[in-house]
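Peer 1: Starting from the known structure of chain G, fit chain D onto it as the hints suggest.
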Amino acid sequence: MEKLLNEDVSKQIKDYLSPMKNNITLVLFTEGDCQTCKETQQLLLEVSQLSDKITVVEKDLKSPEAKEYDISLTPSFVILNDEGVYQGVKFNGIPAGHEINSFLSALMDMSGHDFGFDPSVKARLDKLTRKINIKVFVTLSCPHCPPAVSNAHRLAMSHPMIEGEMIEAQTFPEISNQFNVSGVPKIIIDGTRELVGNQPIEAFLKEIEALA
Amino acid sequence: MFEISVDKFKESNIFETTELFDFLVVGGGPAGLNAALYARRKGLKVGVLTPEVGGQLHNTSEVDNYIGIQNIKGGALSDAFLKHTLELEVPIKTGHFVIKIDKVDERFEVTLDNQQVFYAKTLLYATGGSPRKLDIPGEEQYANIGVSYCTTCDAPFFKNEHVIVSGGGNSAAESVIDLAAWASKITVVHRSQWRADQILLDQHKKIPNLTVHLETQLKEVYGDGLRMKGVKAFDKVNQKEIDIPADGLFIEIGTIPKSDLIQHLAETNEQGEVIVDRDQMTSCPGLFSAGDVTTQPYKQIIISAGEGATAALAATNYIIHHS
Chain G
1 MEKLLNEDVS KQIKDYLSPM KNNITLVLFT EGDCQTCKET QQLLLEVSQL
51 SDKITVVEKD LKSPEAKEYD ISLTPSFVIL NDEGVYQGVK FNGIPAGHEI
101 NSFLSALMDM SGHDFGFDPS VKARLDKLTR KINIKVFVTL SCPHCPPAVS
151 NAHRLAMSHP MIEGEMIEAQ TFPEISNQFN VSGVPKIIID GTRELVGNQP
201 IEAFLKEIEA LA
Chain D
1001 MFEISVDKFK ESNIFETTEL FDFLVVGGGP AGLNAALYAR RKGLKVGVLT
1051 PEVGGQLHNT SEVDNYIGIQ NIKGGALSDA FLKHTLELEV PIKTGHFVIK
1101 IDKVDERFEV TLDNQQVFYA KTLLYATGGS PRKLDIPGEE QYANIGVSYC
1151 TTCDAPFFKN EHVIVSGGGN SAAESVIDLA AWASKITVVH RSQWRADQIL
1201 LDQHKKIPNL TVHLETQLKE VYGDGLRMKG VKAFDKVNQK EIDIPADGLF
1251 IEIGTIPKSD LIQHLAETNE QGEVIVDRDQ MTSCPGLFSA GDVTTQPYKQ
1301 IIISAGEGAT AALAATNYII HHS
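Residue numbers (the working numbering), protein chains in the order written: chain G, 1 to 212; chain D, 1001 to 1323.
Pulled out of the complex, with its shape left as it was, chain G reads as follows:
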């Protein structure tokens, strides 16, 4: 297959990833010839070739890892930290178009780059007594979506009680319809509470605290 990342884009990504600190692992789940599975696999492999700190591991839905990371859609992938620990950072569907930005941010953040959250964020999440899932529905043509995805992922990296997942709405119409998505970014917290648009981290925290 032809390369997804042309020379210019590859160079930009390589430069961007050069300050990565720790090793990370991408665990990709695919199933047969599912929509965008091949492209997602190829994207992850091409990006991993641009940094020696990125390893890609491929699994299927029957693997114990799929259960461990609660994977039900394909393609999906999670990003593990340098100790191989899942910190709740998940992508469902290919992070192409504008979403390449939330993907690259997540790689940097997971490798130990400081994303500048105030310490009070973790303190507020410490009050959680159960796990909270944050879904961020996106389209690849949405310029306001990557910051919303990054916020969800950074909250997940800040606290073990939070899981953040990007869901590419066109690839997964069923779950998009289930949550009645026809405008993005649409943020669903714990399956019930909704935020629309690129929201400050405070808006996420208020919704999460309302659930606690």
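FYI, nobody ran anything at the bench for these hints, they're computed from the structure.
C-beta atoms are modelled at their ideal positions from N, C-alpha and C, and glycine is treated no differently.
Careful, some of the hints might be misleading.
To be verified - List of simulated lysine-lysine pairs, DSS-like, C-alpha gap at most 30 Å: (1) G:Lys53 - D:Lys1093; (2) G:Lys122 - D:Lys1236; (3) D:Lys1205 - D:Lys1133; (4) D:Lys1236 - G:Lys3; (5) D:Lys1133 - G:Lys38; (6) D:Lys1133 - D:Lys1236.
Unchecked claim - Chain G stretches covered by chain D per the calculated footprint, using a threshold of three residues with CB under 8 Å from any CB of chain D: (7) 142-149; (8) 155-164.
Peer 2: Chain D alone, transformed into the frame defined by chain G:
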């Protein structure tokens, strides 16, 4: 296929200091970035605070009225502005929203949502606008379940469906062109006549299944509770109510100025637009404003950029005369 913007800059550690800025810019659209460029060239200690770089440029698919640059995507023009600004090593802090602006003892205090506070001798407020709403029954109920304010974001949800575009300016005309790639049928409903550039309206002639209702006022969005199903409107020429069943409504009727953070400091007009003088200075000395948040009636990229330049030059003079 890949719209990379994340790698275009690295945050400067200038924002870790508590040093006083000469000129602090709130907003990263054309006005804010051009102001930062001009201020930096003048040798001012400048910084930009913005949740996202590019502002409303990202809601624009094609820009073809910025002289010297033909047929460029809104995002690409934003990248070009950013690249030029960064070549002068202007520090830009993104990812955080400004939540408070005050003036204390002749200096401005700007607080971010992470509680960081910055201080400046002069401040440019260039936050632009957020999409204006129609304020009709059903609009809020069906927001994001049929009603959309971002064509580039949401057009893919309306593949082979019938959508309505509300508005008569360039944004509405461009929205029609963008939606033509997805929707099977497009209907424009606008309360008066087209104000859009003729060059855009000429492109509409190539779009099949485009119907235009001018002099028609939207009255109501209706649906089944889960999704919108259509709109009711009033045809002012024929003096009759019309019902248009449709799957989506894209509202492109301009912006509401995001002036809330300085309304306690500077005068605004009835619409909430910040009132400025010929130097782009507000009624609050040292506080400048530029772009779509001001009373300037023609909301255009090149005009916002020009206003940013004026503000930076005027702020330079202001600092000389007040220090």
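Peer 1: With reference to the structure, classify each hint as holding or not holding.
Peer 2: Taking the hints in turn, this is what the structure says about them:
no.: 1; hint: G:Lys53 - D:Lys1093; in the structure: holds (27 Å)
no.: 2; hint: G:Lys122 - D:Lys1236; in the structure: violated (57 Å)
no.: 3; hint: D:Lys1205 - D:Lys1133; in the structure: holds (28 Å)
no.: 4; hint: D:Lys1236 - G:Lys3; in the structure: violated (56 Å)
no.: 5; hint: D:Lys1133 - G:Lys38; in the structure: violated (41 Å)
no.: 6; hint: D:Lys1133 - D:Lys1236; in the structure: holds (21 Å)
no.: 7; hint: 142-149; in the structure: holds (count 6)
no.: 8; hint: 155-164; in the structure: violated (count 0)
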